[in-house]
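Join the two chains, each given in its own frame, into one complex according to the hints.
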Amino acid sequence: MVTKSEETQLNSLENQVDNGGGGAWEYLCLIRKLKVRRSDKVLKHGLSILNDPKQRSTLGNEEWTLYEQVAVAAMDCQCLDVAKDCIKVLRKRFPESKRVGRLEAMLLEAKGSWELAEKAYTSLLEDNPLDQIIHKRRVAMAKAQGNISVAIEWLNKYLETFMADHDAWRELAEIYVSLQMYKQAAFCYEELILSQPTVPLYHLAYADVLYTLGGLENLQTAKKYYASTIDLTGGKNTRALFGICLCTSALTQLTKGKNKEDKEGSQLQSLAAKVLEKDYKQRAPDKLPQLTTALNSLTLSS
Amino acid sequence: MAEDLVLDTAIRDWVLIPLSVVMVLIGVLRYFVSKLMNSSQTPDTKIVKEGQVVVRARNLRVGANFIPSKAFRARKIYYCNEENGLLFVPKGQGQNPQAQMFSDPNMAMDMMKKNLSMIIPQTLTFAWVNFFFSGFVAAKIPFPLTQRFRSMLQNGIDLSTVDVSYVSSRSWYFLNLFGLRGFFSLILGEENAVDDTQRMMQMGGFGFDPSKGLSAEKDNLDITQHDWALPNFEQRAEAVLRKVIS
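Residue numbers (full-length UniProt numbering), protein chains in the order written: chain R, 1 to 302; chain A, 1 to 246.
Chain A on its own, in the form it takes in the complex (with noise of 0.2 Å):
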């Protein structure tokens, strides 16, 4: 159990290498065809007010300690006012941006687009991968794994008596998925649409957003104690006057 495999070069000639080439591949395939369909998106007045509105109260938030406490507070009660400031969302308008987000048709188009380039050329590759390079130990993990491991790593191999190290392709197929994200912000550039793990994240948390973001920014606002600095300011400057005249 303990013993070394011998892993064939062939495999790494014939498996390895043609994976990764083929996988780059199909990125930058998926890279140029994100760019050909990608249609641009007109952002909304209201979604660029709020977001000024939340660069402005941070603002507020970091700054506080540099402005005189009267005018931090006029700022603090014409973000934080109950009825008409700026940063207060009523609970009924929570929700809709995910409900217009669905019953706008180019949103949608827009989301699905993003969602099938994404998904078919996976799916796709994953079949490619299990129907030819299935069945064998394709690698070793340099590092020694627990046995809970087996089953994500050794799907094709139905030994159970092999060291848990010894993966199949398909693993190796899913460690170039999320490996090859830097390699293709080398070579397209930064801003490539081929950030499969953020978007996958991004699917998770959608359409709340704009309005979390402005009730977070309340809160945090609501919390900011007024602790003015510039006092302080008087003494060092006589401090640095001193250094200077010294």
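Next comes chain R alone, as it looks inside the complex (with noise of 0.2 Å):
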């Protein structure tokens, strides 16, 4: 994940180069050192570079990362014929190379010929079967077309050697709560809390699905989730401040013949509300009225 330094100074380099400084080839370093996705920009200032010959040629050795780079770009803009131009380059250049392989692999699936695509990136695999990209660009290939179940069973099998990349937990997180498969995703959840406990995307994210999955346990743990959000993010994170409404809401109607522990839940619901009417007071004051009646109703209910 990118820090607001790095990405305040990603765009103050993206404005510069924008409106005609120099520092294009800082900016393109910085993109890909950051794995930032900016195909158009990239796009665009990776070609002036490259059909200048002057500025080409003080590269040298970056010339052929530049070449990939903008090749990767304009198949995301789907600008094929200048990804074929730089992957002839590239191919010209180095002949026996597996990384330009997985440039034309990818190239094929760009196009949409998905067996000949299939078929390459199997081959690629088969020299090399320790290629997380490959393995990483196999899924993305499922997924698009439309076959997430064989998507999940690939990003299943890379995950069994490769346990310990947490953008595949993500992206397979993200696949479960799209097929409504909530405990598998909370299983993921938890992996990526596991492996960065103070990131509150995913606290907050694991709170969401607990939340949907209901129950009595699963709504306690969810508002312990929200509430370690709010801690993370200094409070300013409105949806976790909702999320603690929701939440103390159901629980109260849940254990309504009960009467456990009704103090402390409903002062952090009252701080949440009074929290949520002040953001809502200075950002979007003609939603206000809106805001307390839900709110009014949150409570009326419990």
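If you're looking for bench data, these hints aren't it; they were derived computationally from the structure. Built from N, CA and C at the ideal position, the CB exists for glycine as well. Incorrect hints may appear among the rest.
[Claimed, not checked] Ranges of calculated distance between the beta carbons of each label pair, as one might list FRET restraints:
#1 A:Val48 <-> R:Leu254: 44 to 50 Å
#2 A:Asn81 <-> R:Lys278: 47 to 53 Å
#3 A:Asn81 <-> R:Ser178: 30 to 36 Å
#4 A:Ile17 <-> R:Arg99: 32 to 38 Å
#5 A:Ser69 <-> R:Asp131: 35 to 41 Å
#6 R:Leu254 <-> A:Ala74: 23 to 29 Å
#7 R:Lys119 <-> A:Asn81: 52 to 58 Å
#8 A:Asp222 <-> R:Lys183: 25 to 31 Å
#9 R:Cys29 <-> A:Arg181: 28 to 34 Å
#10 R:Arg91 <-> A:Phe32: 53 to 59 Å
[As the list claims (entries may be wrong)] Covered by chain A, per the in silico footprint, the following chain R stretches (three or more residues, Cβ under 8 Å):
#11 120 to 126
#12 158 to 166
#13 189 to 199
#14 210 to 224
#15 227 to 233
[Unchecked claim] Under the rule of at most 30 Å between Cα atoms (straight-line distance), these lysine-lysine pairs were calculated in the BS3-like manner:
#16 A:Lys46 <-> R:Lys98
#17 A:Lys218 <-> R:Lys157
#18 A:Lys114 <-> R:Lys157
#19 R:Lys98 <-> A:Lys113
#20 R:Lys143 <-> A:Lys46
#21 A:Lys218 <-> R:Lys98
#22 R:Lys119 <-> R:Lys35
Right under this line is the structure:
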């Protein structure tokens, strides 16, 4: 994940390059380092460097990395001719390279010839069974074709070997949520929380999934995770605040006859409601009456 | 005995500096030779998987307090189960990596190459130093030493009355051997192959690394208790919200 400082640096460089200042090469290097997906900008600036022979020669050996980066960006923007040209140049320079083979297979995938791409990927994997990128491209292809169950199968197999790859866990969790397989999604989010416990995004997603699953224990756990999200984001995450209110009202509905721990729950809920009102007053004052009616209905039904 | 010997500056010009320069040059030469001779090792799937399992198990241990106890217990059993747990390595298999390493021709060649590239220059340089630069005092160490070091540091000097701080060039060679590592990382970049000391330490404990890693993780995981940190978060969230409101 990109930190805030890196993001501001990237944006300032982008502004500089867009408005005609220099620094395109640094911008492209930064994008490559941070693995951010801004394909249209990469395509525009990368092509301007590559088409200018003087700038191209100053790059030296980095020229080929730039070709690769522009080829991928071109495929992302569906400029397949540009991508084909870049790959041809790379193939001429590195005739036996697996990396270029990977790019060619990606081009087949971008064109939509799924079977050819599948064959290319399988043959590449035979030579090099530990290439993570090819595994992930296969999953992406299955997902693009709509074969979500095949995608899940591939992704699970990938995770059996590379189980420390948190991006893959995140992808799997999102796929499960889209298929409403919430228990499995909860497992994936737990893995993510384990590997990066201070990222509030995962706490929030986990709490959402638990709240959706429902049931007394899950609701209590969900409330705790909404609270941890609030703690980690300093109270600024609106979704977590809403989550707290909803959880508390759902819990009180469930425990109507039992009367166990009413007091602490209601404090958190009233605090969250107050913060929400303050936030809405600042940012969207015309929606404030809707908010107050919604919150009142929540507390009334509890 | 306690008087100061005056060392000829010619010693500095013709012994210390040339010796250091020669060692630097040999190191650089070795770096380039190793780069040429380096055969890329394709990592085994099993080894990669084991590495990832260790990372995942470590994450579980570190972040155990952030997930519900039921989830933690389920995962703990998954890892440490006696029969098919991920981290469990039956005693017989532990020997495998070492045996495999000796029988696999590629790996044996690699090891031999690495060892040779380290041993030969060292031996040659040491012999050269001994032949040319022995029999005189080369330098004075700035701090006093005990008599024990005499045999180590004053090998060519056969006078027993000379202060132990006056050392022979052999000790200057050893000093350079260990000390130039930092210098090499400056001029050759981070991943130079000249880390003799590291390699020597590695040679001692070879081959057992993968299985040891797994069983160490398993032991650590067995010990970990689960202390769910989340309930505290509710109070902390309350405090945060109160601060936001005020």
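**Asked** In terms of beta carbon proximity below 8 Å, does the stretch 189 to 199 of chain R have 3 or more residues touching chain A?
**Response** holds (count 6)
**Prompt:** Is the gap between the beta carbons of R:Cys29 and A:Arg181 within 28 to 34 Å?
**Reply:** At 30 Å between Cβs, range holds.
**Prompt:** Are the Cα atoms of R:Lys98 and A:Lys113 separated by 30 Å or less?
**Reply:** Holds - the C-alpha atoms of A:Lys113 and R:Lys98 are around 27 Å apart, at most 30 Å.
**Asked** Honestly, do A:Asn81 and R:Lys278 meet the 47 to 53 Å range at C-beta?
**Response** For A:Asn81 and R:Lys278 the Cβ distance comes to about 51 Å; the hint holds.
**Message:** Given the hint of 44 to 50 Å, is the C-beta distance from A:Val48 to R:Leu254 inside that range or not?
**Reply:** Because 46 Å falls inside the window, the suggested range holds.
**Request:** Measure nothing beyond the straight line between the CA atoms of A:Lys46 and R:Lys98; if it is 30 Å or shorter, mark the hint as holding.
**Result:** At roughly 22 Å apart (the allowed maximum being 30 Å), R:Lys98 and A:Lys46 satisfy the hint.
**Message:** Just to be careful, I want the Cα atoms of R:Lys119 and R:Lys35 compared with a cutoff of 30 Å; is the pair within it?
**Reply:** Holds. R:Lys119 to R:Lys35 sits at ~27 Å (cutoff 30 Å).
**Message:** Hint check: A:Lys218 vs R:Lys157, CA-CA at most 30 Å. Holds or violated?
**Reply:** holds (23 Å)
**Asked** With a Cβ-Cβ cutoff of 8 Å, does the stretch 158 to 166 of chain R contain at least three residues near chain A?
**Response** holds (count 6)
**Message:** Does the beta carbon distance between R:Lys119 and A:Asn81 stay inside 52 to 58 Å, or does it fall outside?
**Reply:** Since R:Lys119 and A:Asn81 have Cβ atoms about 39 Å apart, the given range 52 to 58 Å is violated.
**Message:** For R:Lys143 and A:Lys46, compute the direct alpha-carbon distance and say whether it is at most 30 Å.
**Reply:** holds (28 Å)
**Message:** When I compare C-beta atoms, does the stretch 120 to 126 of chain R have three or more residues closer than 8 Å to chain A?
**Reply:** Answer violated; 0 residues pass the 8 Å Cβ test.
Against the hints set out earlier in the document, violations occur for numbers 4, 7, 10, 11, 18 and 21.
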